[in-house]
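J.: Just so you know, the sequences run in chain order E and R.
Note that our numbering has the first sequence beginning at 151, numbered continuously upward.
Note that our numbering has the second sequence beginning at 1300, numbered continuously upward.
If you're looking for bench data, these hints aren't it; they were derived computationally from the structure.
Values in this document were obtained by computation on a predicted structure and should not be read as measured data.
Just so it is clear, CB atoms sit at the ideal spot from N, CA and C, and this is done for glycine as well.
Check before you lean on any hint, since a few could be wrong.
To be verified - Label pairs and their computed distance ranges (CB to CB):
#1 R/R1681 - E/F221: 31 to 39 Å
#2 R/P1643 - E/T388: 46 to 54 Å
#3 E/F179 - R/D1667: 28 to 36 Å
#4 E/A457 - R/E1810: 34 to 42 Å
#5 E/L446 - R/R1404: 51 to 59 Å
#6 R/P1668 - E/A228: 17 to 25 Å
#7 E/D214 - R/R1587: 47 to 55 Å
#8 E/A457 - R/E1577: 40 to 48 Å
#9 R/R1587 - E/F179: 33 to 41 Å
#10 E/L317 - R/A1366: 52 to 60 Å
#11 E/S323 - R/R1669: 51 to 59 Å
#12 E/L446 - R/E1810: 49 to 57 Å
#13 E/L446 - R/E1577: 50 to 58 Å
What the hints assert, rightly or not - Covered stretches of chain E, going by a simulated chain R footprint (3 or more residues, C-beta under 8 Å):
#14 154-166
#15 379-386
#16 447-456
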Amino acid sequence: MFPFIAKRTATLVAAVLVSSFAVFLIPYFTPGDPVRTIIRSRVSGNIIDDADVQALSLSLGLQDPLIVQYFSWLGRIATGDMGLSHVSRTPVADQVLPALAVTLSLVAAALALAVLVSLPLGIVAGLRHGKPADRVITSVTQSFIAMPEYWVAPLLVLVFALKLSVLPSAGWSGPESMVLPALTLALRPISYFTSAVRAGMIDAAAAEHVPAARARGLSVPQAVLRHVIPNGLVPLSTLVAVWFAGLLGGSVIVEVIFAVPGMGRLLFDAVVNSDIPLAQGGVVLVVALAVLVTTLADFVHRALTPAVEGSYA
Amino acid sequence: MKPLLDITDLTVRNLRPAADGSAPTSLIHGLSLSVNAGEFVALVGGSGSGKTLTALSAVRLLPPPLAITAGTVRLGSVDVTTAAETELNAVRGGEAGMLFQQPKRVFNPNRTIGAHLLEPLRVHRRLRGAAARTAAVDLLREVGFADAPKGFRSYPHQLSGGMAQRAMTAIALAGQPRLLLADEPTSALDKVLERQVLQLLDRERRDRGLGILYITHNIASVAPFADRVLVMDSGAIVEEGPTASVIAAPTTAYTRELLAASQLAPESGRRPQPVPREVLTLTDANKRFGRGRRAHTALDNVSLNLQRGEILGVLGQSGSGKSTLARAIVGLEKVDSGSITRHPDTAGKTPPATAVQLVFQEPHGSFDPRMTLRASMEAPLRRRRDLTPADRTRRITEAMADVELDECLLDRHPGQCSGGQLQRATIARALLLDPTILICDEATSALDALTQRTVLNLLLRLQREHSLSLLVISHDMDVIRYMCDRVAVLLDGKVIEVAETQAFFAGPSHEHSRALVDAAIPCRWDHLRTLMPGASRT
């Protein structure tokens, strides 16, 4: 186990370094001169003085070698100093951290909902493989894949906020405001999780050790509870982590539609406004968190399936 | 005395109607057998004869849509055919323990051996907590775990095939059954381990008065242990009687065939002597896996040579480095030091790497399940620029004819072919690249005795016709003896002995070789000869 943890931790660090370097390079590949953008955002007129550009470049340290700039930038981010937003002139950290907290709770709620729904559905569908229950569950959950968020969200708002008036249509002001965004966000994971659990169950039930367990005297429910369901759920652990990582940055549409002050919307605005420090700080944070979560999921997966050991050692 | 297991007129049918609407097929028709306490009964037959279905019927665990449609099965005092599920759960593992063919696949890979053992202890003996744990560790010790507490904590993948077999035996015995249903439990093991397992079962039979129904395709391996032999073919018992009389005077052709397949006796003067010209030389080849404390030496200064037209056997137990040797020779594994040289032919041309081909052990594992056989076989030929599609088709057709396979199999997927057919297709695929050296890594170990025999004969014919040099890697003494001119013995990655086959079996010089030969021979040929003096080496 130890060499595995060391190896995966090293991979984690490498992934964060590589991705953060890419993020760091973003301004060099974006059209337009960010220095001029900054100045333009602060002055009312359209005429920009070249001397101002020079002075700002110098104060931002843009004359240093790239690698020096990168490490000083990374060092500042690591210590929580993500610089000032070009637009609002407030510390990036003050904007990013609350937004991250909002998105984390939204994504966690959505995935918890998805797991709660897809576990029983997937288990039933897998164990009743090919039977009517399986067909109904599979076709309904699979249809969720084809429902884009920008279509589901207005529909939910129409029904629950406008017709029934039981839930707020937008905003972020308490648990009930979380319901519709989380539901919208959960639909696609529900269909993927359900089909993963279902496939896991089918595989686990077909394993030769199941009849062997029956031959030891275990009843069908005992064999299913001890040897089919736990084995069939293993793939879900990885899948949940991947979706968690994906939704951290992928909840943009839902956040914009429901006016949720989360990470997705923050990054969206940052990009639209060419607010590079904000975008960089946000992306680095999301990427680091995503890599961390998937690595943790690897450890969990590894603990659940001891036989995988050989392939890493 | 009432028998432990009493099966009368058992009929098993497939309840799903056939595609053409005809009546469901009967897989076992009117089978009767009984096993008494303390009796070792061998149920022998080729693949597909219904042996396994018979064992599963005894505890009513037939996979649907198969079902018992007639007859009675009595296990102790329980009528299995009419009993309720709860009653059957008490019988399964409690009255009759079961051993399976693939010991490794019997375990849930995510749970420890101990967790598996605790299940029957709780279900059948109501043991929990520390008492259950103690009982489990005692069982592991009884079946031969030197460090039983460690065995208890181990995961299935950490056990060798032999130890997994022992752990499976411990689980089967945990519910203190009076009957053991053993479904080819040793066919995946080498002969040394097979003999150890049989001895263990035999000891349990004597100590506990355990009745054993032992299913096998290899009549000779159980002959020293079985009181009675039942021969099964196409769902019915075709011959039965005391072991000695069935072996000495078989009354049906099928039994004679099975016996012949178990005796892979060497043919004398069947091949021209190999021309003394080396085609392959290994010099001081070394290979280690892993580093530091966990390092494992797979090849330890291996020096070997292979002559043109020669069949060299490599003998060794599981883990002795046989497969690494094969993989190193074909270049799938790089040696750490030493050399592996292909020698130029008489025209002075060094043969390409493709001149060495490998036939793997697991025929189903060596084909992509999603590709037809034709696609799989065509893939390596596509690299040859000089061949047109028509050439490729012609070569594949020829190769199929060469291995005596019907051309129509080419458009099937591996799942639609039998193990024997696939192993022939593997050989055909190897032949497509015009090899001069063919390495057979346990190429027939996964096949039943009858199919094994035909594949070995095919290899011998191909070797003659294509003047191939064969490297036959096996743990099976009889295969080596049947096929090879010379034998090399591997132990922990070292070549400990190289000798002419005749001389080797007459008197192996190394202590380990003697152990290998001693373990195997009584199981098969020589034992048979003592039982049936009239047997000739055909």
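J.: Please go over all the hints and tell whether each is borne out by the structure.
T.: Do the hints match the structure? See the list:
no.: 1; hint: R/R1681 - E/F221: 31 to 39 Å; in the structure: violated (50 Å)
no.: 2; hint: R/P1643 - E/T388: 46 to 54 Å; in the structure: holds (52 Å)
no.: 3; hint: E/F179 - R/D1667: 28 to 36 Å; in the structure: violated (42 Å)
no.: 4; hint: E/A457 - R/E1810: 34 to 42 Å; in the structure: holds (35 Å)
no.: 5; hint: E/L446 - R/R1404: 51 to 59 Å; in the structure: violated (31 Å)
no.: 6; hint: R/P1668 - E/A228: 17 to 25 Å; in the structure: violated (49 Å)
no.: 7; hint: E/D214 - R/R1587: 47 to 55 Å; in the structure: holds (48 Å)
no.: 8; hint: E/A457 - R/E1577: 40 to 48 Å; in the structure: holds (42 Å)
no.: 9; hint: R/R1587 - E/F179: 33 to 41 Å; in the structure: violated (47 Å)
no.: 10; hint: E/L317 - R/A1366: 52 to 60 Å; in the structure: holds (54 Å)
no.: 11; hint: E/S323 - R/R1669: 51 to 59 Å; in the structure: holds (53 Å)
no.: 12; hint: E/L446 - R/E1810: 49 to 57 Å; in the structure: holds (52 Å)
no.: 13; hint: E/L446 - R/E1577: 50 to 58 Å; in the structure: holds (56 Å)
no.: 14; hint: 154-166; in the structure: violated (count 0)
no.: 15; hint: 379-386; in the structure: holds (count 3)
no.: 16; hint: 447-456; in the structure: holds (count 3)
Violated hints, listed in ascending order, are 1, 3, 5, 6, 9, 14; each of the other numbered hints is respected by the structure.
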